[in-house]
Amino acid sequence: MLTPEEWGIVALSLKVGGVAVLLCLPIAFALAYLLARVRFPGKVLVDGLIHLPLVVPPVVTGWLLLIAFAPHGPIGGWLESWFGVSVLFRWTGAAIAAGVMALPLMVRAMRLSIEGVDQRLEQAGRTLGASRWRVFRTITLPLSLPGVIAGAVLGFARGLGEFGATITFVSNVPGETETLPLAIYAALQSPGGEAMVLRLAAISVLLSLSALIASELIARRAGRGLHVL
Amino acid sequence: MSFDISVTKRIGDAGISCRIEAGEGLTVLFGPSGAGKTSVLNMVAGLIAPDQGHIRVSGEALYDAATGLDVPADQRRAGYVFQEPRLFPHMRVRANLLYGRRESGLDVDDTIALLGIAHLLDRWPRTLSGGEARRVAIGRALLSDPAFLLLDEPLSSLDRARREEIMRLIERLRDELGLPILMVTHDREEAARLSTRIVEM
Numbered sequence: 003m004l005t006p007e008e009w010g011i012v013a014l015s016l017k018v019g020g021v022a023v024l025l026c027l028p029i030a031f032a033l034a035y036l037l038a039r040v041r042f043p044g045k046v047l048v049d050g051l052i053h054l055p056l057v058v059p060p061v062v063t064g065w066l067l068l069i070a071f072a073p074h075g076p077i078g079g080w081l082e083s084w085f086g087v088s089v090l091f092r093w094t095g096a097a098i099a100a101g102v103m104a105l106p107l108m109v110r111a112m113r114l115s116i117e118g119v120d121q122r123l124e125q126a127g128r129t130l131g132a133s134r135w136r137v138f139r140t141i142t143l144p145l146s147l148p149g150v151i152a153g154a155v156l157g158f159a160r161g162l163g164e165f166g167a168t169i170t171f172v173s174n175v176p177g178e179t180e181t182l183p184l185a186i187y188a189a190l191q192s193p194g195g196e197a198m199v200l201r202l203a204a205i206s207v208l209l210s211l212s213a214l215i216a217s218e219l220i221a222r223r224a225g226r227g228l229h230v231l
Numbered sequence: 298m299s300f301d302i303s304v305t306k307r308i309g310d311a312g313i314s315c316r317i318e319a320g321e322g323l324t325v326l327f328g329p330s331g332a333g334k335t336s337v338l339n340m341v342a343g344l345i346a347p348d349q350g351h352i353r354v355s356g357e358a359l360y361d362a363a364t365g366l367d368v369p370a371d372q373r374r375a376g377y378v379f380q381e382p383r384l385f386p387h388m389r390v391r392a393n394l395l396y397g398r399r400e401s402g403l404d405v406d407d408t409i410a411l412l413g414i415a416h417l418l419d420r421w422p423r424t425l426s427g428g429e430a431r432r433v434a435i436g437r438a439l440l441s442d443p444a445f446l447l448l449d450e451p452l453s454s455l456d457r458a459r460r461e462e463i464m465r466l467i468e469r470l471r472d473e474l475g476l477p478i479l480m481v482t483h484d485r486e487e488a489a490r491l492s493t494r495i496v497e498m
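Line by line, the protein sequences give chains V and W. Numbering of the first sequence is given in the working numbering, commencing with residue 3 and proceeding in unit increments. Numbering of the second sequence is given in the working numbering, commencing with residue 298 and proceeding in unit increments.
Just so you know, these hints were derived from the structure itself, not from any lab. Certain hints may be false.
[Claimed, not checked] A few chain V residues that face chain W, going by a derived Cβ cut-off under 7 Å, partial list only: (1) ARG122; (2) GLN125; (3) ALA126; (4) ARG128; (5) THR129; (6) LEU130; (7) GLY131; (8) ALA132; (9) SER133; (10) LEU143; (11) PRO144.
All values reported here derive from a predicted model rather than from experimental measurement. Ideal Cβ placement from N, Cα and C applies to all residues, glycine included.
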């Protein structure tokens, strides 16, 4: 089985992927709702920007993050002066990279599920005296929840596999930013690392496959009109 | 006057224009499909805004283009029974019935008895037949303590026995509750039997 060091890598990957998804969840849902329900000028551009990490080389995304979060960068400078923190070479930075890369997939899944909510039900709620907020809370949100969960799980799987943007942005610091893909790459570079590569690759496949299947099952349950919660 | 409505609205290439001045009882809005009857109900409920005109129900102004008044849908107290039941699929019948409940409204047990839906309370909407779903939708609207009722083709897609049942129910609502009712139909026989007056569109 895995060595303690390898378990540490797995744990770090789960932490980075999990935090990335949790941070992204409200942002992705807000963006998905905006794209699904609101008509505004420049919508195509916003849609394109959100999807950019899906098509741009990850190394470019990582480089852009590096510029933004550098000590004197637009976000990095702000973090430094207000909180005295930096995300460079830290696991928090790895989570940000994973989140940015996972965002388009999450927004896509959530947008589809919000578009799938029958707005006639929301109208019925309104005529029954429910405020917009109550309609959102009691009708829109629960009915789109399966897609939201499926999107989050998919984003988590994507975050686990993040490589290019992460290594460019926060580089490979063992115990801090060395997630599964980075560790596998490092092991490949070192002589006699084949056994470790095999074990970590197996774990990667297992984790990603489980997440994908979970996401698919949740989406399918929702499609049959069953309810996740 | 229970309904005092004069609205116009342009939807795409078609124009809707409707004028209703109706006293007590049940007013049928009659006309061929595509005439915009449902759109008129939606305007009265506050789901779409007319371009011009005014809407007053029982003396209360709900919309007036001249003064810019447009009471939000959730404050109009419309008991709207849509053409499709529009029951919330993630809630059981009981939760659907109680969704818009106001304490000042009808007694819950009485309403359930009136509609004959006591045996359905723990069911999910997708397991209901067309007639059952329609009755639950009517019950949900009644329990929200509406100031008036809007019924959109309440008898469509029901078999003969169910139609008769719902028709009797509408007659009781008309005669016993004293609520102003605006009902849309394209069936002349239905219109003749239930209406206090008919407005052609």
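Is the shortest C-beta separation between V/ARG128 and chain W less than 7 Å?
-> 4 Å, holds
Grab the minimum C-beta distance from V/GLY131 to chain W and call the hint holds if it beats 7 Å, violated otherwise.
-> The hint holds - V/GLY131 has a Cβ within 7 Å of chain W, the shortest such distance being about 5 Å.
Evaluation of the interface hint that places V/ALA126 against chain W, nearest CB under 7 Å = 4 Å, holds
Interface hint for V/GLN125, Cβ within 7 Å of any Cβ on chain W | 5 Å, holds
Would you check whether V/LEU143 satisfies its interface hint, that is, whether its CB is within less than 7 Å of any CB in chain W?
-> 10 Å, violated
Hey, does the V/PRO144 contact hint survive, CB to chain W under 7 Å?
-> 5 Å, holds
So, V/THR129 near chain W? Judge it on the closest CB pair being under 7 Å.
-> 4 Å, holds
With a cut-off of 7 Å on the beta carbons, see whether V/ALA132 makes it to chain W.
-> 6 Å, holds
Under 7 Å, Cβ to Cβ, is where V/ARG122 needs to be relative to chain W, so tell me if that hint holds or is violated.
-> Given a least distance of 6 Å, the restraint on V/ARG122 holds.
Would the hint on V/SER133 stand, with a C-beta cut-off of 7 Å toward chain W?
-> Hint holds; V/SER133 Cβ to chain W Cβ min 6 Å, cut 7 Å.
Go through the hint on V/LEU130 and say holds or violated, using the shortest Cβ distance to chain W against 7 Å.
-> 3 Å, holds
When the structure is compared with the earlier hints, a violation turns up for hint 10 alone.
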